[in-house]
Amino acid sequence: MTDALRKAPLALPLLAVALVLAVTTNSFLTVGNLENVLVAAAIVAIPGLAMTFCLAMGEFDLSIGSTVSLAGVVCCSSIIDGMPALLAMALALVVGAVIGLANGLVVTKLGVTPFIATLATLVIVRGLSLAYTDGHDQIVSSAALKYLVGGRPLGVPMPILLAVLCTALAWWTVNRTRFGRWVCAVGSNREAARVSGLPVDRIRIAVYMLVGVAGGFWGLLISSQLQKGNGQLGMGFELDAITVVVLGGTALLGGRASVIGTLLGAVLIETIRNGLNLLNTPPAFQRISVGLLLIAALALLGLRRRTVKAAPVPVTVREAAA
Amino acid sequence: MGTDDDQTAVLLQVDRLTVEFPGVRALDDVHFDVRPGEVHALVGENGAGKSTLLKVLGGLHRPSAGEIRLSGSTYRPRRPADALHAGIAVIYQEFNLYPDLTVAENVFSGREPYHPLTRGIDYAQINRRAAELFEVLGVSIDPTATVGTLTVSEQQLVEIAKALSVDGRIIVMDEPTAALSADEVTRLLDVVRRLRSEGRSVVYVSHRLDEVFAVADRVTVLRDGRHVRTAEITATDQEELVRLMVGRDISSVFHREEVQEGALVLELDGVSAGRQLRGISLKVRAGEIVGIGGVAGAGQPELSQVIFGALAVSAGAMTMDGRAYKPKSPADAMAAGVGFLHEDRKAAGILPDLSVRDNLTISVLHRVRAAATRLLSPAAQTAVFADYRKRLAIRTTGPDQLIGQLSGGNQQKVLFGRALAPGGRLLILNEPTRGVDIGAKVEIHHLINEVTADGTAVLMISSDLPELLGVSDRVYVLAAGEIVGHLEGQDRTEENVIACATTGRRIFSEVSAA
Amino acid sequence: GCSDSNKTGSDAPKDDKVVVGFSVYDMQYEFFQKMEAGTKAAVLAKGWEYKLHDEKSDENEMVTGAQALIDQGVDVLIISPFKPSALGPIIAKAKAKNVPVIVDDIGGGGAPYDAIVISDNAGGGKLAAEFMAKQIAANGKTSKNVASITCEPSAVYAARRNAGFKEAIEGLGFKVVAELSGNSKAEEGYKVMKDILAKNPDVAGVFSCNDPMGVAAANAVKDAGKNPVTDIVTVGFNADPEALTAIKAGGLAATVAQDPTAMGALTVKLAEQALAKTAITFGNAAEREVFNPVKLVNKENVDSVK
Amino acid sequence: MSTTTETSTPVEPPRQPGQDRAPMARPSLGRLWDTWGVTAILLILLALTPLFAPDFMELENLQSVLRESAYLGIVAAGMTFAIASGAFDLSVGGQLALVSVVTLMAYSAGGTAAAIGAAVATGLACGLVNAGLITRLRVPPFVATLGTLFVFRGVAYILTQDGPKTLPYDQIDSPFVKIGGLNVAGLPLPFVIMLAVYGAAWIILRRTATGRRILSYGSSPAAARFCGISENRIRVIVFALVGVSVGIAALTYITRVWTADGSAQDGFELKVIAAVVLGGTSLKGGKGTLIGTFSAVLLVSVLNDVLVSQGVPSAYQRIVLGCVLIVALTIDGLRTRFAVPGSFRRAVAGLAARPSASGGA
Ligand SMILES: Nc1ncnc2c1ncn2[C@@H]1O[C@H](COP(=O)(O)OP(=O)(O)OP(=O)(O)O)[C@@H](O)[C@H]1O
Ligand SMILES: Nc1ncnc2c1ncn2[C@@H]1O[C@H](COP(=O)(O)OP(=O)(O)OP(=O)(O)O)[C@@H](O)[C@H]1O
Ligand SMILES: O[C@@H]1[C@@H](O)[C@H](O)OC[C@H]1O
Ligand SMILES: [Mg+2]
Ligand SMILES: [Mg+2]
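Protein chains in written order, with this note's numbering: chain D, 8 to 329; chain Y, 694 to 1207; chain H, 194 to 499; chain C, 22 to 382.
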């Protein structure tokens, strides 16, 4: 029990919130609503998983919200121009990959701090997206695109299925592959990674590309829901993605990745949001509640940590030697 | 391959190597060579350029001039991976470990084997192989432990295991024993000999000349970034090496001034801290140097941190000058007049982004302020800096140099100066001479002696047995978090310390119990 | 070349040619692009000079840029304010330099502007309510529950739309069972609609304070397997192209159209009157408001809207 | 075969302890760049501006640029402390909204003095709330301030449920309104306040024990702890400084735009953090430069002003601004890469000697 909690500490706050909602509303526990929550959570969890790698590597990618927009715009306008939908969707992912590659190259080859590099990309890509659309919606009606969120293979909504698959894949990658370990290694001590002969630059570029592709995919999901692309979409999404990762327990300073945590973080955030809507909370109070719940969830973890671990780094906390 | 004997006898040849940093020429026209199957020691004062040379070999620094040949062909590593591919494994003086990853993951980083069936990293294999490496080194470190929770000496052993796990032709070790206990040193030297017998070469850097004479075939002396001499070990002796290193004779005899029994400063009565310390009782008097010995991991850093308020007491009581002493934080302890030197220079010692001057004065900021404005006075700070630079022979380009740019030993001197600066009732020194050169070591011992003359009590933790016994007036021995020995007078012998620390014997001198 | 319409050196003699400065809310929205086009065309048609400043949805940029236009010596300022309540310092500066100020849309924030051209937002909300009630009846639904999706709480003009809708629909015997904010964004409008459907599956209609949210809500309705015209009457506001497209395709029941191009032209007419110091006929003299009518657009008349 | 090689260097006379072989007092170019790099870029930009934007140098325009950048600059000064200590405060946008709303309420209740007091007190209170969450509840600064960003904005929204708080137009001659509009010896008062804030901040960071402790903590929290520096005190001081800076900034902000509600300055936090990092303060903590922050704030403002005055559409403004950010930090990145003497020469030589072998890796 305690071990399970240690591995997935968000489970507790999540259960608490769910319990409160189950009692205070009569619609929270309906199948339709739970599906709602899980689909919404899945849509932010998928890019969140990619962002988990970035944070585990000790870096940020702030540009993902703009990638969402540009990818959606490229996909939709290509469909409008007559490109087959699947190809247009692939093109959107390529756009994401290129943005990620640009981030990676600027960060590794030009030595620009990730925070500024990706902030600059955020601004530039948003500019591209707005310049390209000039404020016009790129409206499409594409069954293939719609299938991304609307499809129900095996009766399960597509985003949920994808999120579960991605989580499994991410978990395996983080914990069982060289790439995953190297990402954590770079995040834990970049200099040591270099000295150990790890291809640090290539690892970093790969992670930025991963986030880029995930951003592109996020853009497809949003465009799938809205059946349009637009330069205004995805604003502020970078914070959403980073929030679910941090909430999930992946350290901001890097070195550790909590894949399951990210998934739970996404579910927690979306449960809170959904709950506040079910309770008809006015917008001003919604903000406060989201803020307070964020703090409360982490405070709960913080207090627990404090009782467990009396002294911080680098005092040796270990079983007494035999 | 060439037929010339002299050519084939050299595996690695360094010629006219020069390395520059802003403001410093760390290596100046240095030559150095390594033969197959030899142990080649590299010695020199702190800042002489030893680590710099090794970093060039490892692909961390690019020389501004010079040439290196490996097995006769040009060797110009552009990055550490190149060195590894060329079969050169380096153990750097400052660890390069991932604190968040496990021991085994650290050891095999970059070379993780995949399991043939699951196609995932074969953890069973790396854990087993790591355990085997530690077995060779004669230590028990859990391969699945997170490295950030290890002691400094355990981390050093992980670094060594990492280098051994690479099948290198040349294994380069930069002060591998600085953090090891006597026992572990013996084992490491055995390992070095075994590597040699396997035909591998070892470049060995150490400030402990007895190790050099115990294991090396040849020795090279660097001074001020220049090559001074390379000699067969049999063709030289300790005195000569010291003279070549420092350019003068050094008497390594430590003379402890007689101190008179002072008042009781610190008393611990049955102090426990979690599972790390159990029922510790000890006393430290004014003007006294009390040593703490024991194998690594017996609870020494925990004991010092409990007294310094960095670790919570779970049972028992402390008194200082007869009054209850319950520091809640190091800040509390410092306010009570306690100074502290941490054993982990890199992780908990240096403030890497700050200058040498700032590192020296950070604990005495109230003393370097203008009285009227309470603003820091750069002049007063520089005065403190100049004083310690002189007393400790700190080699730096000036007060504004970042401490991270100093050689390891010089960083240690700065940290020692920092601990000394506040003065006061009690000085807690963890491994005060770790990594410092022979001359500075003597100097530091003198300084410890000097502060006790002012009535300051010193608690010194050292894994260097000669230092522990030579410098302290009394010695407590720790084992598994308990005090298992208290050695005074005649009883202060290496045999007794080792017996208490490792065999479970308990020896308590009766000379002056309380 | 830098002698385009953007540039009027302050070296140009003041009385030579009338210079109109227009500070626009945000050129990234089609609505304001049309407003800008209408304004510019009217200015140039008079043979006047035109200067544009984009507030980029930022009150700091709005104040700085509008004041800069005044500093550059415009003869009249037309402004579509991102934050109406930040008009004070702009008008203070304009007054000091004797520059009349005509506000276009959004709101006047209580400052002493010369005139404001305003869409009848509350009236638009009322039109939406009346249409919704009729359509619900036509759909044969008996449920008296409806919902509304609002913009961010700070958008005063949008709040008026909602207030107008709410008053009218409640007057028609309906109940607004959910009133949630989608912060003007399509993404959020979609999610909010899903939550509304989960809690109140029986809503018969939903009103959104702008079209991005309205069309997104309609998409959410469709994704829930219902029809946004015949099951849950979904109404937006603005007549953005995406709304018109959706209405034609049966993917949205209706929207409320404003005419930003005409509003732009109207502000120029008022500017001319203000410069000539001739009296302006106000729709609401107390607030110096000149109304620009709104109209409801649905399947029947959508083809007549450009 | 000789067994011993001896270098020609004879054994030298003993070295004085502490004497170095290459004592170099002159500050390295790299160190200078750390502090003055962005300033240099700013100066170059200023020198070039008249070429393509002749109107820029007009007094009224210069005043406008300085006036409008003050509030961001002042908060950036506070944020420099937070970032130098290794944390950042994401809640400044919420703080600015809340402080502005409360200040306007205080003004209508008690006039200028009440407003000024309320601004600083509310800012401080916000900072202390953040510090409390971080030190008492052990919430990491990122999450704590992300949470309070929502909370502060939310409270501001609640306080403005019947519409934004606004300075009534008839108060146009009140001394309070003058804060935003007045010029002192040709300098806009907000900018004068900003200069004073930077002066005070510089003294705190560079000349007080507190400043040194903040940098130490940022450089290595573990080492700082063993120097007797209390983590909690650092957190409280740093977040209080940010809060107070927002309080002061709000005064210059509110008296320029006259209005506030929960939505004021959406996205403010990223702009502030970007300015600080662009200035050369390291996000990893331990390094802080107020001169850099100051110059970065002006750099962004000047650039924005030039782009706006040249009629560049906002979408393209973004593209240019983003590229400038990258270029500015590229220069910095290259500097660190080529800090070692001769490394640049070698890199160039290496490029020349490597005609086509760069494709593979
Ligand atoms: N990154 C750096 N930047 C500037 N100077 C440096 C840097 N690294 C080393 N130095 C300087 O180069 C000289 C040689 O340092 P090095 O680390 O090689 O000495 P060392 O012989 O290994 O000393 P120690 O015994 O103390 O480890 C020193 O003066 C040191 O200050
Ligand atoms: N951030 C801090 N962490 C730990 N101890 C501190 C800190 N600030 C002050 N102290 C301690 O408080 C005591 C008072 O010293 P000092 O006069 O320097 O404090 P201060 O007045 O807060 O400093 P300053 O004048 O820079 O504000 C000293 O023991 C000092 O070490
Ligand atoms: O209707 C307009 C709306 O579409 C825009 O987003 O904001 C201003 C409004 O008047
Ligand atoms: Mg060294
Ligand atoms: Mg003080």
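Calculated directly from the structure, the hints in this document are not laboratory data.
If you're wondering where the values come from, they're calculated on a predicted model, not measured in any experiment.
C-beta atoms are modelled at their ideal positions from N, C-alpha and C, and glycine is treated no differently.
Be aware that one or more of the hints could be misleading.
In silico DSSO-like links for lysine-lysine, alpha-carbon gap of 27 Å or less [unchecked claim]: (1) H:Lys249 x C:Lys292; (2) H:Lys290 x D:Lys153; (3) D:Lys153 x H:Lys249; (4) H:Lys462 x D:Lys153; (5) C:Lys199 x D:Lys116; (6) D:Lys153 x H:Lys288; (7) C:Lys292 x H:Lys290; (8) H:Lys288 x C:Lys292.
If the Cβ cut is set under 7 Å, some of the chain H residues that face chain C in the computed set are [claimed, not checked]: (9) Lys249; (10) Ser347; (11) Ala472.
> Checked against the structure, which of the hints given earlier come out wrong?
Replying inline: Of the numbered hints given earlier, those the structure breaks are 2, 3, 4, 5, 6, 7, 8 and 11, listed in rising order.
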